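So the protein sequences, as listed, match chains A and B. Take the position in the first sequence, starting the count at 1, then add 35; the result is the number in this note's numbering. In terms of this note's numbering, the second sequence has 102 at position 114, counting the first letter as 1, and numbering is strictly consecutive.
Bear in mind the hints are in silico, worked out from the structure with no lab data behind them. Just so you know, these numbers come straight off a predicted model, no measurement behind them. Relax, there's no trap hidden among the hints.
Cross-link-like lysine to any residue pairs, in silico, SDA-like; alpha carbons within 20 Å at most:
#, chain 1, residue 1, chain 2, residue 2
1, A, LYS164, A, SER127
2, B, LYS286, A, SER127
3, B, LYS283, A, PRO151
4, A, LYS261, A, PHE46
5, B, LYS283, A, ARG156
6, A, LYS228, A, PHE268
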Amino acid sequence: MLSVQSLTKKFGGVAALAGCSLEIPEGQITAIIGPNGAGKSTLLNCIAGAVTPDGGHVRYLGTDVTGAKPYILARNRLVRTFQISRELSSLSLLENVLLARQNASDESFFDPILFPARVRRQQDADIDKAMKLLVRVGLEGLADATPNILSGGQKKLLELARALMLEPRMVLLDEPAAGVAPPMVQVLIGIIKELHQEGVTFVLVEHNMDMVSALSDQVCVMAEGKDLMSGSFEQVASDARVVEAYLGGVL
Amino acid sequence: MIAYLTTIMTLVSIAVLIAFALNVQWGMCGMVNFGLAGFVALGAYTTALISLNGGGFFVSVFAAIIVCAVMGAIVSLISMRLSEDYLAVVTLGFGEIIRLVTLNEGWLTGGALGLPGIPRPMIDVIGTDHYEVFFLGICVVIVGIVFAGLEIATRGPFGRSLRAVRDDDLVASSLGKNVLLLRVKAFAVGGGITGIAGSLQAFQFSYIDPSQFTAIMTAYAFMAVIAGGQGSHRGLILGACSVMFLLEATRFLKDVVDVLDNSQIAAIRLILIGAGLILLLIFRPQGLLREYRLKAPKSSPSSADSTAT
Ligand SMILES: Nc1ncnc2c1ncn2[C@@H]1O[C@H](COP(=O)(O)OP(=O)(O)OP(=O)(O)O)[C@@H](O)[C@H]1O
Ligand SMILES: [Mg+2]
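Pulled out of the complex, with its shape left as it was, chain A reads as follows (with noise of 0.2 Å):
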């Protein structure tokens, strides 16, 4: 469904990214791990078209969509959550999710001017589907208030509920259980998990191995901008390259 090809990136002399190939099937959840600064954000950026690769593809859906802006990838529904919880401060949760619909009125000056009929009942039903969202990550209570006052775990749930109002095929997660209190993981897992019966499809960058361990049909292990190795949660666990990379022993 999106397969990543020698993908390179500099910063300045650091590179973030030094060929790293990766492919993502359909219907799966997809795990990254690796250690801090091997390029999982990166790669991430490069996929979701918020950083331009210095080389290689990105295909998604059989098109080349390397460099494509972000805007073109989400209505192809590929959306993404950002590691650094990134809000719209001056918008309420609520319009921070309603933001996420796909509806090319969104973009229309003319359109609530003309027909206001229409585009009020298509809002009202959006508004329904977003408060619903709400509710599924425990935020409802706060629709009306703006991002600055939710903790840092809140601002994740917000940022999944976000991304689910887009109706995705594909989900790229960016540590959503960083800071995310235990109970609240679970009911993470829980939604990633219905989510994937629907056929949704995840890639996930998470330091959590609960939550890998839990979630991932495959793990692609990733240092210094490279994709290490990849297979199932146990074999990458039992991997003497990937401890010696990663793990350091821990597991």
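Model the placement of chain B with the ligands on the given structure of chain A, informed by the hints.
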């Protein structure tokens, strides 16, 4: 006194329109425009040239809207191609170019002498006695229409998308919003509104010259938007009225303190406005009113709970 009030209110209407334009571009979408006066001048000269050559009121206003909207789109596209940070420089440069063209291309713009004799709409029907009041009526109706149009258009998805671009363009883009298109649209919509303001200015004075479109016009718009609250169309009406009230009220300063001469009074008026704005920013940094934010439906937490999966 009535005549004075009528004139002031007409000028406030024009200032409000310019502030509306800035509010869409900067207040909602986060794109500064230091060339507002240039856009207003472009609209005024377009209107003047068309109506001096026999075009009617609606034709010349419509032409001004189109010309300024297209120019807005072009200016924003140019700066976007350079880099988004160059908007301030590009708009400043645009304003300067318009000023130089109006000043130097005498064959078209009449140069420093300007364009006199712009026919005021329906003056032969209304007559000169009550014309100012009639024209104020036109201005107020137009402000009302623009206000209503903006409220309707920006309370929904379009306004939300603009605010998202202002807050974080990468997030907006990652959620499927075409950021470049939205920015160009914001500038075009604002441009169109400055075109209307320029038209009204031309008809109000029936005479335009480059000295009417100075940086202070741009500054008033910024003051109105800042005082009113970025993004709030209602707020900026209040903001524009407050700024104009301060400006006009201080005109009577010289009756109260007679030790000062006129130029001192003029300087003091500006100082007072600046001080007023600073006080406002200290005590109400978000401005008089907050921008519109969608409210969650009242009943939904419980009903949504039961339907949630
Ligand atoms: N915008 C940037 N400018 C400069 N250097 C960057 C930038 N983004 C990433 N880097 C560098 O690229 C390398 C990879 O960073 P990246 O964020 O992709 O790592 P990561 O695998 O996500 O790490 P973590 O697990 O800590 O999130 C790091 O050395 C980082 O310093
Ligand atoms: Mg990272």
